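Student: Each chain is listed here by its residues.
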Amino acid sequence: MTTLAAAASTTSTGEAVQFWVLGTVAVIGALSTILMKKAVHSALSLAGTMIILAVFYLANGAYFLGVVQIVVYTGAIMMLFLFVVMLVGVTAADSLKDTIKGQRWLAAGCGLGFGILLIAGIGNASLKTSQGLGTANAGGNVEGLAELIFTKYVFAFEITGALLITAAVGAMVLTHRERIERPATQRQLAERRVRAGRQLPPLPAPGVYARHNAVNIPGLLPDGTPSEHTVNATLRGRGQIKDVSREALAELAALEQRSEEWLERDGDAEGGPSKERTPPARNGSAAGNVGGTRAEEEVT
Amino acid sequence: MENLIGWLVAAPLLGAAVLLCGGKRLDRLGHWLGTLLAAASFVIGAVLFLDMLGEDEHHRAMHQHLFSWIPVGGFQADVAFQLDQLSMTFVLLITGVGTLIHIYSIGYMEHDERRRRFFGYLNLFLAAMLLLVIADNYLLLYVGWEGVGLASYLLIGFWQHKPSAATAAKKAFLVNRVGDVGLSIAIMLMFTTFGTFTFGPVLEATGETSEGKLTAIGLMLLLAACGKSAQVPLQSWLGDAMEGPTPVSALIHAATMVTAGVYLITRSGAIFNAAPDAQTAVVTVGAVTLIFGAIIGCAKDDIKKALAGSTMSQIGYMILAAGLGPIGYVFAIMHLVTHGFFKAGLFLGAGSVMHGMNDEVDMRKYGGLRKYMPITFITFGLGYLAIIGFPGLSGFFSKDKIIEAAFAKGGTEGWILGLTTLLGAAITAYYMTRVMLLTFFGEERWRNAATRSPNAPSAEPAAETRGEHAEPHPHESPKSMTIPMIVLAFGSVFAGGLFSVGDRFVHWLEPVTGHDHGDSPLSATTVTLSTVAVLIVGVSLAWAQYGRKPVPVVAPRGSLLTRAARRDLLQDDFNHVVLVRGGEHLTRSLVYVDHKLVDGVVNGTAASVGGLSGRLRRLQNGYARSYAVSMFGGTAVLIAATLLMRAV
Amino acid sequence: MSFPLLTAMAVVPAVGALVTAAIPAAQRTTAKWVALLFSLVTLVLAAVTLVRFDPDSEDAYQLTESHAWIADFGVRYELGVDGIAVVLVALTALLIPFVILAGWNDADPPASSVHDKHDKHVKHEAADEVVTQGRWRPTQGFFALILMVEAMVILSFEATDVFLFYVFFEAMLIPMYFLIGGFGDRAGQLSEEETATQRSYAAVKFLLYNLAGGLIMLAAVVGLYAVTADDLGTGTFSLQQIAEARASGQLDISTNTERLLFLGFFFAFAVKAPLWPLHTWLPNAMGESTTPVAVLITAVVDKVGTFAMLRFCLQLFPEASKWATPVILVLAVISIIYGALLAVGQRDIKRLVAYASISHFGFIILGIFAMTSQGQNGATLYMVNHGISTAALMLVAGFLISRRGSRLIADYGGVQKVAPVLAGTFLIGGLATLSLPGLAPFISEFLVLVGTFSRYPAIGIIATVGIVLAALYVLVLYQRTMTGPVKAGIEGMPDLKARELTVVVPLIALLVFLGVYPKPVTDMIDPAVGRTLSVVDKQDPKPDVPAQDVEAAK
Amino acid sequence: MNPVNYLYLAALLFTIGATGVLLRRNAIVVFMCIELMLNACNLAFVTFSRMHGNLDGQIMAFFTMVVAAAEVVIGLAIIVSIFRSRHSASVDDASLMKL
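Chains as they are written, first to last, in full-length UniProt numbering: chain A, 1 to 300; chain B, 1 to 648; chain C, 1 to 554; chain D, 1 to 99.
Careful, some of the hints might be misleading.
Stated by the list, open to error - BS3-like, lysine-lysine: derived pairs with alpha carbons at most 25 Å apart:
(1) C:LYS542 - B:LYS162
(2) B:LYS24 - C:LYS417
(3) C:LYS519 - C:LYS542
What the hints assert, rightly or not - Interface residues of chain C toward chain B, partial, derived using beta-carbon atoms under 7 Å:
(4) PRO277
(5) THR280
(6) GLY345
(7) GLN374
(8) ASN377
(9) GLN416
(10) LEU436
(11) VAL450
(12) SER454
(13) THR464
(14) VAL468
(15) LEU475
(16) PRO485
What the hints assert, rightly or not - Some chain B residues close to chain C (C-beta under 7 Å, calculated; not the full set):
(17) ILE70
(18) VAL72
(19) GLY73
(20) GLU146
(21) HIS161
(22) PHE173
(23) ARG177
(24) VAL178
(25) VAL181
(26) TRP415
(27) THR587
(28) ARG588
(29) VAL591
(30) VAL598
Worth flagging that the hints you see were computed from the coordinates, not collected in a lab. What you are looking at is a predicted structure, and each value in this text was computed from that prediction instead of being measured. C-beta atoms are modelled at their ideal positions from N, C-alpha and C, and glycine is treated no differently.
Next up, chain A with everything else stripped away, as it sits in the complex:
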């Protein structure tokens, strides 16, 4: 009953409030969609806008559409977007500074003019009266739609179905990578590498052995500087590399300093070592081991 009331032609104040609040939010969402630096954020704000739209559908008495909006759009399509964003592993922030000269101002100008035009158009269109969907939705909104779809719009419906299937197939075709030539054998790969002349051995593994083994941590070269090759390109692109070379050195320095202290107070060895040995043990890393071994020597 209440829903019916909501669908009535005269919009209740409640709806008005709802409109103004959510409308504002929707606009903000839309704006942030186009202004956010990172695609992910845009996607999320767009999703928000869509949910609000879904609410508006409901408020306009289009229950079916409202639900579909949430399920299909927000649920499926936006998720699809997110997946793609992840897949593409967006070289994240695409800067908003325009490559084409004046494009931004042109776009803004066009947008503004266009908006003004649209609104002006709607404004001077005579849309005063609005009889609600009361009668149309009398037999239930879904039934009403179904009736139309399967009678009046049946062909359009069928064709749309065909379209969907085609789209699915097309998507598969497009995304499916066709192998044009036989996969290169290991020998060929090796030869190619030699011919290319860079990085003859296989790429070094990420992580600093026995201390870190996460993929996002570059391995260290003998001189202690991080090696670029050790981390995945995507991660590098995202700038999600955790450089630990500094802290390793810092720890070494700290340890030496502590060992100084050890050498000073030589006399008392009771209990102290056990207490002292814990901090190196806490981080079970190479440095730690070194420290540890040295400690054992000291013990013996």
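Given chain A, put chains B, C and D in place with the hints provided.
Tutor: Structure of chains B, C and D alone, referenced to chain A:
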């Protein structure tokens, strides 16, 4: 009989064609062929003359219609000939003198390897000249008119390897071309006025037209005459034309071609009679040239150039006479004929002198030659007496008649003209005596004139072949050269008398040109006496200057007038500064304009289009987003449009 | 339906072009002979046409052929010749063999070309040419293109359907473009690369100018169709139909429309027959291309422009033509003087001839628009004579250039001494160009002048100045190149060879013959011109004192 | 309150979405913006159906959703394959239309 007329032209034309196309194999006897054909055409002329004498004097004109030349609508030009007394006079003069000069050239051009071509050109000239005088319409006359121009171009520039010769030839042709423009405009005027340009109808129709048109035609004809006959202001080419071989100077630039202008004016007498203003113009031109040429003649040291000056002034006489109208036509022609004789003779004499003097042309390096080349001396001397109008010789009669006619013009104009002609006669006497004295009398300056400048103004290549020795050995010329001189000398002695006894010549030409004795303020005798008087003055002046005291080998600086006269009275300088320089600048600048402006406009547009497209191309930067912007903007515009439409 | 002579005349060279192009690269000489053969066959056909053509028959066009082509747009394949067209077709057919003969060696690979200055350069360049463009066959292409041009020119002379004419008028540009851009005489003062760039510049300029004209004309053609469609119900391009409709008053185009259409057509033709200030493509094109091609341009292709003015501009738009006459006459006079003056200023022989041609085209246009029988007869005659005389002069100049390997006048001097025959022919060509009486061009030029003078005296008189200037540039050219002391590089220059003589002598003979007895040609032209004038309904101005009447009075 | 406000909201969202399409270079984000635009349209549809009192608008919205789903599937697939080949999901990197 009338069918023979065509052959007058055909014979030499044939000769020209054969000689010029014949190639080397004709070198051996080419000159004989040429001479033969010239003679042939003279014989034909003579035959026709006799035949003509048979007729009574008003039906002597013969006609021959060969074929319709340019039949276009109302414009009907035929190739047809008309041989009346006037034409006949010219035919005889041209062929006669022409033949003689052919003979002379055989000797003169002996050492030139291109003699065959020379004779070819001479024949071509004869053909053109004859066509000029026997044509029965102005257009055909025009053909001959330009034909002689071409021949003169080829002959003046015969020694083409000499830049001076080539330039002179070009100059002659160009100046003549200016005159030809006059003639062609005259023809157009006739066509528009009378619808035809055949002599008969045009000259008969003059009565019906406005005087203005006739004056215009007359002036245009005068322009043509000035070009061809080297009258002021188009006289400048004649002096340079002396670059050509001497026989050419004798034939073309003394006896025949240069007199074509006189023929034209006399032929168009009817037009001029009806257009007094045009006549005045003619007379003025004649008078001016008369003095102009005479002055130049006094100053030149180059014997041929001096004679050229005198030619100018003598033709000035003729033009003046022709300008006098019916009073003068006959005497103009008469003087023309006598002049043809003695001037040709003089030139041949000069040629003979140069022949004997290693082609030295500077009279100051002659002197005392009478002993060495007697025949030349005598013939030249007779020619000299004739031209200065020594009583009894032909020049006397003709020139005297012209002076009379000038007075007979009547009024102040008559007086002015008369006195001018008298003055001219005096100057003529002066400069001819000068030439005579410098060349044949006085001490032998060529002896001490040890070295001559290797390139004298008109050194002829034959000289190089003969080799340059410091001191020339004057010698008499071969028979082939002397005989024509002798013949011409006879002509210059007796022709005048022959013509004027019992006014034969007057009666002969009257039916064509018409004649009336004006009313001379002076009696014939007074005129004659005054002529003789001025003659004596002139001669004695010259004697005083060149006969008594020795002549410097290097010309003295001389008075301003002399220096101007040496430079053809600055005519050339004027032409050079105004026409040549100006023309060069004009063309240069036009070339620039064409390249930069006319072309630049086009290239400019092309460039701008290219630039524009380049800019537009930048919009297509390949970024999907900027395309999207334009799409979006487009949509916006569409919406705006629809909204506006709904609003309206 | 008799034998389609006109079509045949166009088809033969076209086929010839294909055959020539198909000949394998090796038999270069065969290709030449084949091309020559086909051009000669065309010449024979042209002769037959001349005989079959009856000057004083009533109907405007003879030997007509008419087939439907694009029925929807009333476009028909209509051929037919009047006196003017038949003469010009004959001229084209006559000149092409000479062009081919003259260009006998011009398209050979450079290595085999007699050459003095760029010799090494050219040789090695030729070497890598062989390497690079292996199957490219310049010689075959050259002659094939020439024949192609011939076919198209002939068709555009014969077409009586405006659209058909337009098609070939434009199509002509393509082979011409390749002829100009592809084959230069290796006589430039610059390096091969620079000359190549220059050549392509010239070719592109040629193409752009003419295309621009052509496109404007296309607009006019469409407009014409629209107009006819409006008035006659069904649109047509047929010259006869339109003329008849005009005569019967069934078709009356509003003044402004007519003027616009006229301008559209005239612009194209004015570009083609370079009229100042649209002339600047000609000197480049003629300067850079080989001499035979230059002859082809000025003596044959450009004639289409002037011819089309006479046939289309005047007959389709008489009123507009009269309206535009004053301006056009002024432009023509400017062309005459301007072209002559620039010719005087040139340093390059071929460019000099080019500017001379501009001056001559000025005369032609002057004659056409003087609208007098003398003027138009003269103009048509001028087209023929100018074709022959320019061909003579230009080809001899080409022989000269090929000997010395330079186009600059300054590089020559005293040729007359070493190669008298060459000099002689050159002089005759030059004299023809300055229209000396006794040679053909004199008659046409004088007719044009008289025709103009009788209606527009002032313009006529100004135009006569062109005569003097012509004498100036020709004689200066002759003096600088042929006379004077022998220049270095000239000594031992060979005189004309047999092949070259066979090219030049007939042309000169023709010049002399037409100069003495032009009647056969004028008889052909006169009726056609009369017809044109009647379309424009202009009569010759009457002389104010007809001398005949005077005689009658006596 | 008048349901027209929903339309205004829809317009606003649509414009924001469109602007986002123009602004962002990350293909995925661009896609999200497109989704946003589609949703704005849906809202409009639903609102219209309410105003006209029939369900056709909702049907339209329904179809829009379906089509959007299909479009997203394909689009993302394309993005993935592009990323595989070019190691970037930026729209500008794919500026191959320019020669």
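Student: List, from low to high, the hint numbers that the structure doesn't satisfy.
Tutor: 1, 26
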